[in-house]
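Visitor: In order, the protein sequence lines correspond to chains D and E. According to our numbering, the first sequence is numbered sequentially starting from 1. According to our numbering, the second sequence is numbered sequentially starting from 1.
Think of the hints as simulated: they come from the structure by calculation, not from any bench. Be aware that a few hints might be false.
[What the hints assert, rightly or not] If you want the footprint, here are the derived chain E segments under chain D, 3+ residues with CB under 8 Å: (1) 4 to 16; (2) 156 to 166; (3) 200 to 212.
[Said to hold, decoys possible] Some chain D residues close to chain E (C-beta under 10 Å, calculated; not the full set): (4) 31; (5) 40; (6) 56; (7) 106.
[As the list claims (entries may be wrong)] Some chain E residues close to chain D (C-beta under 10 Å, calculated; not the full set): (8) 20; (9) 23; (10) 72.
Computed from a prediction, not measured in an experiment: that's the story for all the values here. Note that the Cβ used here is the ideal one computed from N, Cα and C, for glycine as well.
Residues per chain, in single letters:
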Amino acid sequence: MSLPAGEAGRTLSSTYRWSMPANWWTRKRHYFFYMLREFTALPLALWLLWFLVEIKRAADGPASYAPHSSALFVAFSVVCLMFALYHSITFLSLAGVIIHVKFLDRPVPSRLIVLSQFGLWAAASIVIGFVLIWFGR
Amino acid sequence: MAKRITIQATRFDPEKDTKPRLQSYDIPFSDDSMVVLDALNYIKAHVDGTLSYRWSCRMGICGSCGMMVNGTPKLTCNAFLRDYWPQPVVVQPLNNFPVVRDLVIDMEDFMDKLKSVKPWIIRKQDIPLGAHEHVQTTSQIDDFKQFSQCINCMLCYAACPVYGLNNEFLGPAAIALARRYNLDSRDQGLKDRLPVIAEAEGVWECSFVGECSVVCPKGVDPAKAIQQTKLDTTMRFVLPYGNRE
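Given only the sequences and the hints, what does the whole structure look like? Please build it.
Guide: Below you can see the structure in the form of structure tokens.
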């Protein structure tokens, strides 16, 4: 039967202390994808560091600059792109959950907020792509 | 022949055991409407009267019968045996909390956290009794209604790996209830709650696993409450006049 209410209030010195097992994130699919989402930041950070090095190299002028094009590097970049897309899609999909906006005293549907976020993402990608291609010619 | 089901329940006697162990009970599964709590009550009444666990209302209101059922935090009064039979059902105390005895956890840490967010309406000046009501529109009620459904069952804490790794984290239910009051048009206590909810081990400790919202038996979305609070506190910091009432 249920314990007296006072049971929870007393100081307990003989309780068993629960601790998280190291493999907790393998026990549920949801936890695994959470860890994957968090892990994506690491290769993205490495790729961005490399990108900074490339900018520095390119600053020396076009004559001495040749971009990396090895198969290994292209494969790494593709993996980073996949991670970036996964991270961005999960992040933007949650925008509808987080952003709470009212219009004419009625809450804006979260689906509309998510669509607007993806729309802005697409527009920003087009603008950045255009600038890179236009000035990189 | 009547169906039977095996219940494996955690046993822990702090005076004898160094760590919890599982004990199996083979009991009749006589009725498809039987829930895990019915099975525990059967064991308590007919098999082993020493088994300890909390329960009260048996209808998903009181929030006291939360346990791990096959590794998932559930209200045992709402976990039907038919969903598990013929496999055994493993019943353990809620993860992330100290175990007092058998299936009973020590909830003191949660109660302290709950009190720290002041989950009640705070007014700068109370309206005298009998003067008039705190008028509130249905739209204003809708702003916080879902967060007010929390029954303090602590399933969200058992599902939260962030709390499991760092129990200084304020946790999902306490933040959801803080948001419930912060969104209430009658409440004026935001500044009293901010020092607790906006600190590093308040909302900012959460890395949005989201499992708290998945396991909530009342459809509350604590993950949403936490992320919205992050956004609100950031906007208060960034926007001009954001910290003015």
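Visitor: Looking back at the numbered hints, which does the structure fail to meet, lowest number first?
Guide: Checked against the structure, the hints that fail are numbers 5, 6 and 9, while the rest are satisfied.
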